[in-house]
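Q: What follows is the residue order along each chain.
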Amino acid sequence: MGWAWFHRFGSPPHLYRLAGTLTPWFAWPAAILIVGALYLGLFVAPPDYQQGDGFRIIYVHAPSAWLAVMIYAVMAIAAGVGLIWRMKVAHAVAVSCAGVGAWFTAVSLVTGMLWGKPMWGTYWVWDPRLTAQLVLLFLFLGYMGLRSGIEDLGRADRASAVLALVGVINLPIIRYSVEWWNSIHQAPSVMKMDQPSMPMEMLAPLLMMLLGFSLYFGAVLLVRVRAEILRRERSAAWIREVLS
Amino acid sequence: MSEGLHTQEVSRDTRLLPKCAAIVVRDLQLLVRRPGQMLQILGFFVVVTVLFPLGYSPELGKLRLIAPGVLWVGALLASLLALEGLFRDDAEDGTLEQWLLCGQPLAALLLAKTAVHWLLTGLPLTVLAPLLAVTLGVSIEAAPGILLALGLGTLALSLIGSIAAGLTLGLRRGGVLLSLLSLPLAVPVLIFGARATELVIQGDSPTAALYLLASLVVLAITLAPLAAAAAVRIGLE
Amino acid sequence: MPELSIENLHVYRGEQHVLRGLNAQVSAGQCLQITGENGAGKTTLLRVLCGLLPAESLQLTWRGRVCSPQDAEYHQGLSYLSHAAPLKADLTGWENLRFLLSLRGVWQAERVGALLERLGARRFADRPVRSLSAGQRRRLALVGLVASQSQLWLLDEPTTNLDSAGTRLVTELLSEHLERGGLAMVATHVSLDIAPSALQSLHLTSGDGARRVA
Numbered sequence: 001m002g003w004a005w006f007h008r009f010g011s012p013p014h015l016y017r018l019a020g021t022l023t024p025w026f027a028w029p030a031a032i033l034i035v036g037a038l039y040l041g042l043f044v045a046p047p048d049y050q051q052g053d054g055f056r057i058i059y060v061h062a063p064s065a066w067l068a069v070m071i072y073a074v075m076a077i078a079a080g081v082g083l084i085w086r087m088k089v090a091h092a093v094a095v096s097c098a099g100v101g102a103w104f105t106a107v108s109l110v111t112g113m114l115w116g117k118p119m120w121g122t123y124w125v126w127d128p129r130l131t132a133q134l135v136l137l138f139l140f141l142g143y144m145g146l147r148s149g150i151e152d153l154g155r156a157d158r159a160s161a162v163l164a165l166v167g168v169i170n171l172p173i174i175r176y177s178v179e180w181w182n183s184i185h186q187a188p189s190v191m192k193m194d195q196p197s198m199p200m201e202m203l204a205p206l207l208m209m210l211l212g213f214s215l216y217f218g219a220v221l222l223v224r225v226r227a228e229i230l231r232r233e234r235s236a237a238w239i240r241e242v243l244s
Numbered sequence: 001m002s003e004g005l006h007t008q009e010v011s012r013d014t015r016l017l018p019k020c021a022a023i024v025v026r027d028l029q030l031l032v033r034r035p036g037q038m039l040q041i042l043g044f045f046v047v048v049t050v051l052f053p054l055g056y057s058p059e060l061g062k063l064r065l066i067a068p069g070v071l072w073v074g075a076l077l078a079s080l081l082a083l084e085g086l087f088r089d090d091a092e093d094g095t096l097e098q099w100l101l102c103g104q105p106l107a108a109l110l111l112a113k114t115a116v117h118w119l120l121t122g123l124p125l126t127v128l129a130p131l132l133a134v135t136l137g138v139s140i141e142a143a144p145g146i147l148l149a150l151g152l153g154t155l156a157l158s159l160i161g162s163i164a165a166g167l168t169l170g171l172r173r174g175g176v177l178l179s180l181l182s183l184p185l186a187v188p189v190l191i192f193g194a195r196a197t198e199l200v201i202q203g204d205s206p207t208a209a210l211y212l213l214a215s216l217v218v219l220a221i222t223l224a225p226l227a228a229a230a231a232v233r234i235g236l237e
Numbered sequence: 001m002p003e004l005s006i007e008n009l010h011v012y013r014g015e016q017h018v019l020r021g022l023n024a025q026v027s028a029g030q031c032l033q034i035t036g037e038n039g040a041g042k043t044t045l046l047r048v049l050c051g052l053l054p055a056e057s058l059q060l061t062w063r064g065r066v067c068s069p070q071d072a073e074y075h076q077g078l079s080y081l082s083h084a085a086p087l088k089a090d091l092t093g094w095e096n097l098r099f100l101l102s103l104r105g106v107w108q109a110e111r112v113g114a115l116l117e118r119l120g121a122r123r124f125a126d127r128p129v130r131s132l133s134a135g136q137r138r139r140l141a142l143v144g145l146v147a148s149q150s151q152l153w154l155l156d157e158p159t160t161n162l163d164s165a166g167t168r169l170v171t172e173l174l175s176e177h178l179e180r181g182g183l184a185m186v187a188t189h190v191s192l193d194i195a196p197s198a199l200q201s202l203h204l205t206s207g208d209g210a211r212r213v214a
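Residue numbers (this note's numbering), protein chains in the order written: chain U, 1 to 244; chain X, 1 to 237; chain C, 1 to 214.
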């Protein structure tokens, strides 16, 4: 009885319709939050006393870096649900995460490099956050590479799910080891987001952006999940019903 | 002739350890028949290391600074090369299938298989490392520390790589994919291992880095065989 | 009361719905012969029953207990022989059998020696498998099968590469196995010379799944 919702959620047509209904509820707030946060961050927040206006790239860099990690976690959870309960739509969700996650990781790397140029005078410094982000990109690429190497869909689902779970266990270890490595070699680190001294006018747009990016991810994920379900169920009878 | 009785009455040795021992014995036999693969991997390690003085500088003082990185990257690449064949041969001739059907926990059998694989590739690489270190200007006094660091590190690499080896079973271009999957997972091993080696070469105590490396090995022994077993099951489908 | 009962077996291979709601029962002393054209799912069926391939749905009952095809206890009672003999080319036949049977915990040197003699494999058992013909390898695999003393045999084309004497030997071994209360599922088109009372058959057709013939 208590599991009825779980099985209902696992039915492709149900999830397909649910995702369609929910998409605007994510997309609109995301658009409003992102536009609002951009305005507050670029025009209202005061310039940093050390970095001037250069710091403003944090409003794209930090949320995308944070989201990249979160997407990997979501992907691993979905993959785990698919593997353990053999729920096919969970695999569809996991697959849909990978591309978005890799994209956010790439955005965080590029913005980090753009930020690095005025700060350090070079586009690349072995900053622990950037390094960990680079490894995360390889984890996403490995996931997608493995999937593309396997022809059978069921096998690709299960194999990539095992990889995602192994990766999610490794992720904190990788991050810890990179921080440890950095603390020894003392490379410069400017991107400390955990400074308690950040004033409210700077912090508020950052949090808004984070929420906006999360909702944007939600909306993109829903659209991609719908496409993935259509692709997987293309021979099923309910698809013809839905599309006619 | 009398063929004995049926399963219910058959005396069947259900202990796990003799099976693991059988795997170890068989892989040692296979190595004796075909030592080529192991020698190739050692040769690869030597060649990679020798490339650095040629490509960078023959000055021992300079080489000593990059010695930890050279040794570790060489050992890492050599381990990955060896891992490609970890399950492949057994999968191709159908013997690995029989491991799944023998009624023993697959994870334990794969742990035995990975352990003997380490014994035949990781350990020789480890033994070779202090000698190669000498060609990079490192004093032979650093040998015990280098042995310990590389011994632990290659063991962790074999265990982590066993997961990727299972996942890429039977795939075209499995070798490239194996590296792509394993390398990000191997980053902590590389960091802790290279740091321990660096400290040893400088004559400092590598204890902290070695502890971290050892804890990675413990974690890998606990979790990697389970993931590898799941991966091999999927790989054999 | 059938020892082995398969109900509602559905298997997909990629997009293809290969087995659609297959049901079968095998009792002690019975052999189920599986026939069907290429691609009808004979090998798939056997591999699913070993737990080597996942099934979409399957209710499996073995010795009166519902179990999964991946259960260790179920595996201890079954032997699967695929069309490739599971032998390492670099080891001798004897070493191969020793390993395979040790893995199952049933290695007995005298017994294996006697079986090698009976299957005419004694004289090449000490040679590396690499140098053996396909028929010789199959004889070694058959020694392994019988020496495993499993109650359930799942055989995929057991007579491949065997001469007529070898084929007769397979049916002989099969009959003895059944007489001792064993079960077998055999995918083959060779007519099996077994007591008709012990033989059932299952014809698989690609397209619309399985139909029981007799």
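Among the hints, a few may not be true.
Just the calculated beta-carbon pair ranges, DEER-fashion [what the hints assert, rightly or not]:
1) X:P144 to U:Y49: 30 to 36 Å
2) U:M113 to C:R13: 43 to 49 Å
3) U:W25 to C:C67: 32 to 38 Å
4) C:G14 to X:P35: 51 to 57 Å
5) U:S183 to X:V25: 27 to 33 Å
6) C:R127 to X:R15: 28 to 34 Å
7) X:Y211 to U:G36: 20 to 26 Å
Just a sample of chain X residues kept apart from chain U, beta carbon distances all over 10 Å, derived [what the hints assert, rightly or not]:
8) R12
9) V47
10) Y56
11) D89
12) E97
13) A107
14) V116
15) V127
16) S139
17) E141
18) I163
19) T168
20) A227
Since the hints were made in silico from the structure, they are not lab data. Think of the CB as a built atom: it goes at the ideal place given N, C-alpha and C, for glycine as much as any other residue.
Q: All hints are to be evaluated individually against the structure, with a verdict given for each.
A: Structure-based check of each hint:
{"no.": "1", "hint": "X:P144 to U:Y49: 30 to 36 Å", "in the structure": "violated, 52 Å"}
{"no.": "2", "hint": "U:M113 to C:R13: 43 to 49 Å", "in the structure": "holds, 46 Å"}
{"no.": "3", "hint": "U:W25 to C:C67: 32 to 38 Å", "in the structure": "violated, 46 Å"}
{"no.": "4", "hint": "C:G14 to X:P35: 51 to 57 Å", "in the structure": "violated, 41 Å"}
{"no.": "5", "hint": "U:S183 to X:V25: 27 to 33 Å", "in the structure": "violated, 46 Å"}
{"no.": "6", "hint": "C:R127 to X:R15: 28 to 34 Å", "in the structure": "holds, 31 Å"}
{"no.": "7", "hint": "X:Y211 to U:G36: 20 to 26 Å", "in the structure": "violated, 49 Å"}
{"no.": "8", "hint": "R12", "in the structure": "holds, 31 Å"}
{"no.": "9", "hint": "V47", "in the structure": "holds, 26 Å"}
{"no.": "10", "hint": "Y56", "in the structure": "holds, 19 Å"}
{"no.": "11", "hint": "D89", "in the structure": "holds, 20 Å"}
{"no.": "12", "hint": "E97", "in the structure": "holds, 16 Å"}
{"no.": "13", "hint": "A107", "in the structure": "holds, 13 Å"}
{"no.": "14", "hint": "V116", "in the structure": "holds, 22 Å"}
{"no.": "15", "hint": "V127", "in the structure": "holds, 26 Å"}
{"no.": "16", "hint": "S139", "in the structure": "holds, 22 Å"}
{"no.": "17", "hint": "E141", "in the structure": "holds, 23 Å"}
{"no.": "18", "hint": "I163", "in the structure": "violated, 6 Å"}
{"no.": "19", "hint": "T168", "in the structure": "violated, 7 Å"}
{"no.": "20", "hint": "A227", "in the structure": "violated, 5 Å"}
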